[in-house]
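There are 2 protein chains.
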Amino acid sequence: MNDEPEVAVLRLGHRPGRDDRMTTHVGLTARALGADRVVFGPEASSPADTVRDITDRFGGPFDVEVTDSPKAVIRDWDGLVVHLTMYGLPVQDVEGDLREALDDRTPVLFVVGAEKVPFDVYERADYNVAVTSQPHSEVASLAVTLDRLFDGRELDREWEDADRTVVPKDTGKKVEDTSGE
Amino acid sequence: MNDEPEVAVLRLGHRPGRDDRMTTHVGLTARALGADRVVFGPEASSPADTVRDITDRFGGPFDVEVTDSPKAVIRDWDGLVVHLTMYGLPVQDVEGDLREALDDRTPVLFVVGAEKVPFDVYERADYNVAVTSQPHSEVASLAVTLDRLFDGRELDREWEDADRTVVPKDTGKKVEDTSGE
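Keeping their order, the protein sequence lines are chains G and S. Letter by letter, the first sequence follows residues 4 to 184 in this note's numbering. Letter by letter, the second sequence follows residues 4 to 184 in this note's numbering.
Chain G with its partners taken away, still in its complex shape (with noise of 0.2 Å):
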């Protein structure tokens, strides 16, 4: 975000259809949370399409990557990899660390499971953290996480290239065409 450190969030275990739309809200939630990138599993292109086409209209910068190997991109990921778990380490006792490994200029991956995910992504995680030890869902997760890393900042985020803009009213809708800009 910004002239930030890379932030990026890996997408691991998609099943075709069953888990598009979460994938699809893992991917957006990346987005309009402060991450500069998503990487999706082979099988997820119905929602980089729809990642894609939320940026093309919505506007970025934001990159949508489909890739083969998502062990290869937490494998070879150079700066810190934070896996999002129930069991793992409390978010409030970690985000400290986080937040001064994105001061220090080291890049963030931060890798997000759908169903269960290898014990060696537990063991290469440089930190295994939990937004409480309780089952909800790794959309949550996601964006508490977010939300504390940046500590608010990616609230005031600017878009680039948008077609449209959302204006904030305390009721009702108000979009802007902002193609022509």
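Hints listed in this document are in silico derivations from the structure and should not be mistaken for laboratory results. Please note that a few of the clues may not be correct.
No copy labels: a pair is met if it fits in one copy or bridges any two.
As the list claims (entries may be wrong) - List time: in silico DSSO-like cross-link candidates among lysine-lysine, alpha-carbon distance up to 27 Å:
id, residue 1, residue 2
1, K74, K119
2, K119, K176
3, K119, K172
Given chain G's structure and the hints, the job is docking chain S onto it.
What follows is chain S alone, placed relative to chain G:
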């Protein structure tokens, strides 16, 4: 949560099958992040069963309701109605008001739509609130808003009558059988 005024989440516009997982994630996120109750529409019995099952196993108190008239829940709510929508006012501008209401012991109802939300919901809501003006996920919006409303206190919530309890670990998984306690 604990001795605070009631915080409930109402899921509007659920479509059976198509929305089951998203609606389930709304319910589980509400539970994990400090709400006291989730209310689903008439066709969401399957997500309701899943959230009840998780509450049975991982603890409460947390109530799951299915109603024939979600609109009546909004109309009759004795407290603040907060509709989460990308068209609303920025959460960072409104969160102080919400925290103040909770401090004044005002119950808060969050309304979370699936697809298009009827206009009268915008009008009835005391606040229409946006977690960014970007399209992303109602689960992410709910998570960030609850985390900000409770100022992180929800992460330390204690659970009663849990059959199993996850113990945070830096690597791997540890689950304790707490059914005998």
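Quick rundown of the hints versus the structure:
Within a single copy, K74 and K119 get their C-alpha atoms as close as 14 Å, which meets the 27 Å cut-off; across copies the closest is 38 Å, which misses it. Only between protomers do K119 and K176 lie at most 27 Å apart by alpha-carbon distance; the minimum there is 12 Å, versus 40 Å within a single protomer. For the identical chains of this complex, K119 and K172 are inter-copy neighbours only, at 17 Å across copies versus 41 Å inside a copy, given an alpha-carbon limit of 27 Å.
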